[in-house]
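Residue numbers (this note's numbering), protein chains in the order written: chain A, -10 to 215; chain B, -10 to 215; chain C, 0 to 288; chain D, 0 to 288.
Simulated from the structure, these hints should not be mistaken for lab results. All values derive from a computational prediction rather than experimental measurement. Mixed in with the good hints, there may be bad ones.
Claimed, not checked - Subject to a maximum C-alpha distance of 25 Å in a straight line, what follows is the list of computed DSS-like cross-link-like pairs (lysine-lysine):
id, chain 1, residue 1, chain 2, residue 2
1, D, Lys10, B, Lys105
2, B, Lys3, D, Lys10
3, C, Lys284, D, Lys194
4, D, Lys91, D, Lys194
5, D, Lys194, B, Lys78
6, D, Lys283, B, Lys59
The residues making up each chain are set out below.
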Amino acid sequence: MIQFQRVSKTYSNKTIALTGIDLFIEKGEFVFLVGPSGAGKTTFIKLVIRRELPTEGQVLIGRKNLSLMKNHEIPIFRRNIGVIFQDYKLLPNKTVFENVAFALEVIEASRKDVLKQVPAVLELVGLKDKAKVFPTELSGGEQQRVSLARAIVNRPLLLLADEPTGNLDPDTSWGIMDLLMEINKRGTTIVMATHNKNIVDRMRRRVVALENGQIVRDEQKGVYDI
Amino acid sequence: MIQFQRVSKTYSNKTIALTGIDLFIEKGEFVFLVGPSGAGKTTFIKLVIRRELPTEGQVLIGRKNLSLMKNHEIPIFRRNIGVIFQDYKLLPNKTVFENVAFALEVIEASRKDVLKQVPAVLELVGLKDKAKVFPTELSGGEQQRVSLARAIVNRPLLLLADEPTGNLDPDTSWGIMDLLMEINKRGTTIVMATHNKNIVDRMRRRVVALENGQIVRDEQKGVYDI
Amino acid sequence: MKAKTFLYFTKEASIGLSRNGLMSLAAVTTVAFSLIILGCFFIVITNCIHFAEMAKGVLELKVYLKENVDPAPLQAAISEFKGVEEVRFVSKEEGAEWLEKSLGVKNLFVTADNPLPDTLDIRLDPKVNVKKLVKQLDSLDGIDEVAYGKTFVEAMLIIIQIIGVLGICLITIIGLVVLYIIVNTIRLTVLARWKEIEIMKLVGATDWFIRWPFMLEGIFIGVCGTIISLLLLTKGYHLLYAYIKEAAPFIPVLSEKIVNYRMFWLITMVGVAFGAVGSTWSIKKFLRV
Amino acid sequence: MKAKTFLYFTKEASIGLSRNGLMSLAAVTTVAFSLIILGCFFIVITNCIHFAEMAKGVLELKVYLKENVDPAPLQAAISEFKGVEEVRFVSKEEGAEWLEKSLGVKNLFVTADNPLPDTLDIRLDPKVNVKKLVKQLDSLDGIDEVAYGKTFVEAMLIIIQIIGVLGICLITIIGLVVLYIIVNTIRLTVLARWKEIEIMKLVGATDWFIRWPFMLEGIFIGVCGTIISLLLLTKGYHLLYAYIKEAAPFIPVLSEKIVNYRMFWLITMVGVAFGAVGSTWSIKKFLRV
Ligand SMILES: Nc1ncnc2c1ncn2[C@@H]1O[C@H](COP(=O)(O)OP(=O)(O)OP(=O)(O)O)[C@@H](O)[C@H]1O
Ligand SMILES: Nc1ncnc2c1ncn2[C@@H]1O[C@H](COP(=O)(O)OP(=O)(O)OP(=O)(O)O)[C@@H](O)[C@H]1O
Ligand SMILES: [Mg+2]
Ligand SMILES: [Mg+2]
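Using the sequences and the hints given, assemble the complete structure.
What follows is the structure, encoded as structure tokens:
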């Protein structure tokens, strides 16, 4: 599903975010991406959704080499990937409902589908009451869950979650994790960047640890620390 | 230091965020504010810095009743409070250095002080190398630490930290907690809203638990859960 | 594009406008006011040109004939010259009559010979080259003098020409400036929202999917600006027209109907088209995500 | 305010401008272009008014005297009338001379009596009320007719007056519109940054601390726009002046020096002052945090 071949990423201000990453993630896997602040987790995710291009090496998603992808292919490509952004990236001028619906509007889903699926997914993340509210009127954790709802509403093949429980209390976090596991069971590949030791340690899934832009550990059924 | 007298807050869209809060926090205390997502923790902090006014009841900081405070007093009042915002609230057009320096510029500190204290505090939060970089070029955890640096640079009497470790790995989080305890020891009152069970449980400080806008628990040397 | 999608775009555009209320308002008023400037210029300049055109109608050259010359062949020859619209023969007797009338005296030449010459009055085509025409006339046999009003005619023609040239230059400059202001204003509203565009792209929206609502917003801003400016301009011209017809009925002012008609097209095209272009062109930069 | 703080504000403003490059550029060009419109209008209108003023210099009324009337007392009386600038006596002999010259014939009245009347040529004050003056003249003894060019004079005076009134109305309207556009443009740049203002307030900045850099930015945008527009306008007027002096030297165009001087003040005031006002006024709303 995801294949990194000797990938390096240096930002335009010369910050080296990733160096020589070699990684293969299979379809249906659930992978934790861990590592200290600034290790390159978000950069990894940006490379996967082609928000950034690698300065060296190749990123392959499915059979697509992202560096060779044409401009008009990008939107179509991104529709198969759900992303929970670390900074949520909600549209400030749209209500919660509209924000989630947007992921369906772009694939020109029917009105009926929108009206059915959006409330359902908002129910799942516990924000049924907040449908008509704007993101600026939400608490941090609520915004995070809207981002999650938008990421999963069109049942993507690949789900990238960047610190999806950073602003959630443990109970809500576990609720979200149950949801992600459920989605994973239905076949969605999940890559989750996280600092939540409790979750990683209890789930015992594959753990890829980054440090200074390099992979320092890659374990099946791993834990947060060494 | 902080006194809430039967405080209620209903937002303009009729969301009830806090109801009947009675709370007294003494000078020099270290208080954890816990509670599920949407419980009203951020609203509490907004009331303390007079970002919002209570719809009912009184908020007293020091001897000041915030509802009676005159407009021109507000900036002066806020300068004695450091805030780590949940969404960081960094100025996008200023570098890391300038963002931190801003808290000193507003009190018209001398150039010398700025050049001395800003690098020192950036060193403390581990962002010495990032001084010349813009917030958009930082990772989530790095932005969070800039917000922290700005909050503490002018040695405020009161420090409000809204989820200050949400995007930090456990090691860095503990580093930050050590820093906060150090500051607390020097006499600064600290109120910290958090979801980090590990930290709360290990520190054993006063815990105020909110739920649905009400205080459900207020323990000295408390833990995260009941 | 499905009808449903287009409907969606329209809804999006109107939502975008209303939720960015302050910005939209600022943009609409700026567009309206720029168009008012354009309209004012247009009114002034078309009327100046109209005035000049009218003035052309009264241009004349006078040719004095030598005594006892047959005017008919000369009249025919001059009619063929370039820049000549009409040639009228005025006999010495008619000339005397006219002189008596304009001097307010009677029987000017009853006791004496009429010393006035026979005359050919030449009405000129506005595109005439006066100098060349005068040379041609001078070279004709039987002509005593080409005289009356020569410099006046030349001056008038040049003024008319200058009004035309400057008018067109000015309206072009102002038109471009107004266009720029409109495009730029809409650009500013888009610049403020580049983050939204980025987010949309990250969620998988195609460029067109993003562009359409912005374009419709631009068009809508253009339409609103157009309507407001047209209302004010037609009202303004109505008042101006009444004022001038009252104060100076002899000034040839263009009728409201003509001005409103031309202005409608000018303003609508500029306002609407460039509202759309402005927004489309502005988001281009931000679509590269 | 400490000098250090002011320095800080200036630094802040220039940083703000450069880091919002695209927005600043858009704002500067919009301001410059609006001022160019104002300048164009100003040039056209001041020249029209100047032209009209010049035209006033040639206004005359002619009064024909009855035969054998002594002109001196009449001349003295008329000089006292309101709206009269100068009264000149033209005897019948002088009149005949003038007529001979302008008709191009000689010895017009050698064989006959000179039938022309003695005349008083009255040069008018531009502020004259022609109808009233004519009535006054008619009531005088010894006057045969007030005749020559009456309607022409009346028409000219009204046209001159209309040019003045309309010119001032137009320049005021355009001035206000340009002001509005400038204020609004700067407003749009501030609107895009209201979040920054909120953050600054939350960190303890006073209103003035926030306002100053924005105000300086506004002034700077105004200054840049002013400089650009003045350069283009003076260059443009230079070309126009040369063109008209070449093509139609008889048209009285205002000298470059006068226009540039007046325009400099108008544009600088509008551009700079309202750059500052625009930004200050715009952030007001966002300071309530
Ligand atoms: N847009 C950017 N431009 C320049 N440098 C950047 C940019 N984004 C991130 N960086 C830098 O690249 C490095 C890796 O950043 P990244 O966001 O991938 O870290 P991360 O692992 O997600 O950290 P965190 O846990 O704090 O979110 C950091 O040093 C960061 O400062
Ligand atoms: N500006 C606002 N306008 C309207 N409602 C708001 C606003 N801010 C917050 N709320 C609502 O008030 C309630 C309390 O929000 P608050 O941000 O205080 O929660 P919180 O305890 O900080 O949650 P979290 O842990 O997710 O940050 C929530 O239901 C939220 O939706
Ligand atoms: Mg990150
Ligand atoms: Mg919160």
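Now for the hints, and whether the structure bears them out:
1. The straight-line distance between the Cα atoms of Lys10 (chain D) and Lys105 (chain B) is roughly 20 Å, inside the 25 Å bound, and the hint therefore holds.
2. This hinted pair does not check out: Lys3 (chain B) and Lys10 (chain D) have alpha carbons roughly 43 Å apart, beyond 25 Å.
3. Distance restraint check for Lys284 (chain C) and Lys194 (chain D): the Cα-Cα separation of roughly 23 Å lies within the 25 Å cut-off, and the hinted pair is therefore satisfied.
4. Restraint check for Lys91 (chain D) and Lys194 (chain D): the C-alpha separation of about 86 Å exceeds 25 Å, so the hint is violated.
5. Distance check on the hinted pair: Lys194 (chain D) and Lys78 (chain B) sit about 9 Å apart at the alpha-carbon level, within 25 Å; holds.
6. A distance of roughly 17 Å separates the Cα atoms of Lys283 (chain D) and Lys59 (chain B); the hinted pair therefore holds under the 25 Å criterion.
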